[in-house]
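S.K.: Sequence order for the protein chains is D and L. Using this note's numbering, you'd call the opening residue of the first sequence number 2 and step up by one each time. Using this note's numbering, you'd call the opening residue of the second sequence number 2 and step up by one each time.
It should be emphasised that the hints constitute simulated quantities derived from the structure, not laboratory data. It is possible that some hints are incorrect.
No copy is singled out in the list; a pair is fine if it fits within one copy or between any two copies.
Claimed, not checked - In silico SDA-like pairs for lysine to any residue, Cα to Cα no more than 20 Å straight-line:
#, residue 1, residue 2
1, K213, E12
2, K199, M415
3, K101, T409
4, K243, G356
5, K243, S270
6, K224, V91
7, K243, T374
8, K213, R60
9, K213, L15
10, K101, L394
11, K213, T11
12, K243, E113
13, K202, Y329
14, K213, K382
15, K202, C102
16, K213, T21
17, K213, P153
18, K142, P153
19, K243, G359
20, K337, A311
21, K170, P110
22, K382, P226
23, K224, L15
24, K382, T267
25, K243, P72
26, K337, L320
27, K337, V413
28, K101, P154
Listed below are the residues making up each chain.
2 protein chains.
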Amino acid sequence: MNCEILSVGTELLLGNTINTDAASLSDMLAGLGINVFWHSVVGDNPGRLAESVAIARSRADLIITTGGLGPTYDDLTKTVLAESFGLPLVLHQEEVAGLKCWFSTHDRPFTENNLQQAYLPEGCTVFHNDWGTAPGCAFEKDGVRVIMLPGPPSECLPMFRHCAVPYLKTLSEETIVSHQIRVFGMGESAVEARLRDKMEKMRNPTLATYAKQGDVMLRVTAKAPSHEEAEAMCQPVIQAVKAELGQVVYGVDVESLEALVLSLMTERSLTLSAAESLTGGLIGAKFTALPGASAVFRGGAVTYCDECKAAMLHIDPALIAAHGAVSYETAEAMAKGVRAATGSDLAVSATGLAGPDGDGVNPVGTVFVGLATAERVWVRKLHLGAGRDRVRLLAANNAYDMLRRYLTGLPVLMEKG
Amino acid sequence: MNCEILSVGTELLLGNTINTDAASLSDMLAGLGINVFWHSVVGDNPGRLAESVAIARSRADLIITTGGLGPTYDDLTKTVLAESFGLPLVLHQEEVAGLKCWFSTHDRPFTENNLQQAYLPEGCTVFHNDWGTAPGCAFEKDGVRVIMLPGPPSECLPMFRHCAVPYLKTLSEETIVSHQIRVFGMGESAVEARLRDKMEKMRNPTLATYAKQGDVMLRVTAKAPSHEEAEAMCQPVIQAVKAELGQVVYGVDVESLEALVLSLMTERSLTLSAAESLTGGLIGAKFTALPGASAVFRGGAVTYCDECKAAMLHIDPALIAAHGAVSYETAEAMAKGVRAATGSDLAVSATGLAGPDGDGVNPVGTVFVGLATAERVWVRKLHLGAGRDRVRLLAANNAYDMLRRYLTGLPVLMEKG
């Protein structure tokens, strides 16, 4: 099945909104074994939208639209699609009831223009929107499947997962199962070099690598008549990848390193703190972005200046004078200091040079990341190269990687680097 | 001039990379008065790329391609575009010399496949790439202009600014000048309501609003025979918007609230610290993401738990017991405490409920943001609604807004909210 994602919205063409929907949907469609061959974006203009629909119909088996399903005059997607496919729009009474209920529970007056959202192509499968007001839908005409989803990612993505994925699965006699193997501490090209022979020979299941922000993901996808069979085909591949790559595999189907650490620490009722220099609060900010972080994260110190390291973490200024702020010893003292100050079970620290300026001693990208427990302290020395944002992100991810290694009984320091 | 941005790369269709180039270029093209009517994405496949080029030629006056200019076998953009437009690719000797120089200064061996990058359509304007290896170019054929740029944003965007913008300006007898007016503390719909009459009447200059992450941007664009005339046409509009919206306008052509605060504080040699609860490090992380932050930011405390507020900021536990962690009094004590602990000139604080869970007293989205100077403390009480990421971002932005108001002599507290 060859798919086109057609996003509708002038805000995308003005550069006001980045089309993250197209990327997120493509990622999930790849997991379903559906080829996405085209993304297109067109504005809230009926003529140009109709032309883009005609192009999509001529080349794709599946068209997924995002955006333009709301109640205002520039929400044109349903009208134009229905006209292009020669289907009348009909009022869906159960969606009218759902809309009235939404407005009443949200204490907002129901205005007549909102009824527009309950008009959907005749004979379609309705996707009720539990995350907003505009329903989506799916229909088939002349051998082309169309799925319409709202534009806001907070509605588009859960509706894809909960409504479109089950619908797409009914279309195939085969079941597709897909798993994500997450890797930290080995680059994409090194992962590929280690697995290339294996990947090239595989047809079903398939194995592919993807570079993510600060780590690497491998996707295993199997097709089989039943879920159980597809699942059984994936498992040996996952085991083989783990055996080949070893400790750099941090999880299967986990969201991120920090989410894994949060769940491991929550399970064991352990608490965490962080002492941050070059990351400036990023370690804490990433962790506390996760719901449920407050049960684990006690707090931290952002000690950007040396005096702060002394005042907030009781680090002897003589230690910094002797070894430098960017040193094994300072990272160790920061982790110990913040653990004592917050009374947490575990503590991490990061000090280094994010650039663009260096300190005249260490090259830009030199970073020391520490982990303190009640018993001991580990420090990783890293050479992270250039790029301020990248260096800061990798420093934070190394702190989470040391935590996950400690929490899963692996050596905290990597064999190299 | 109607433009299509055609992005080439299978990684975009796999959802592995988000197409930020299309958004960034669209934003800059809007500033040049060029209408972007279509974005398309196609993979590294010569047949589908040629089809997409044919569609773009049939509807756009200007086609801007991104990606596919590199040295590997899947870098097809130039070959397919040249063939589509019937232009031969010719070797550009000055680009060969440039490439050899790049490899020698980067201490990497020059391999023959890199020569591919120096082949460009006959008669094109060459855009030398000072940010990577693959040159871009521009040409005109049969009334259609084509601009080809590399894919990585770190090369695509500076090449657009430094090479494509001057090229595009030579095409027009008119000069376009565009300015961005930045607003914090008033929503996009409120801004629009205040300016709608003015905006609807305007033809040249034009005025348009855009919702940005956590604030609002207005763009003023004027066309005139000379830069001076266009500039002179923009200025009265900027002044009128400032007069209408008042203190919520925080700057013209500034990057962000925190970048403005950094420059104001750098100018006056003032230092900053932050005490963060619900933001968990985000205030510090955003500020220290800016190069040059180390001259201003001394550090901070992330006091997610109440005991940390006592231990790190010396806040009397009785104060928290009496008023609660989410209170005017706690925000005040946090700002004072971190200012004392770090010895900074100014200090900000944030405490509140990011959700999804509440505290049983305050609704989710209740946030107190503080600002302490040597003389006094201000606290803003905010009701920021739902959405954990949004609440945390707005809390951080309110801290920067209080700083910029203090630093520019405005009342620190807003009239309402």
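S.K.: Going through the numbered hints above, which ones does this structure break? Give me the numbers in ascending order.
M.R.: 2, 3, 4, 5, 6, 7, 8, 10, 12, 13, 14, 15, 18, 19, 21, 22, 24, 25, 28
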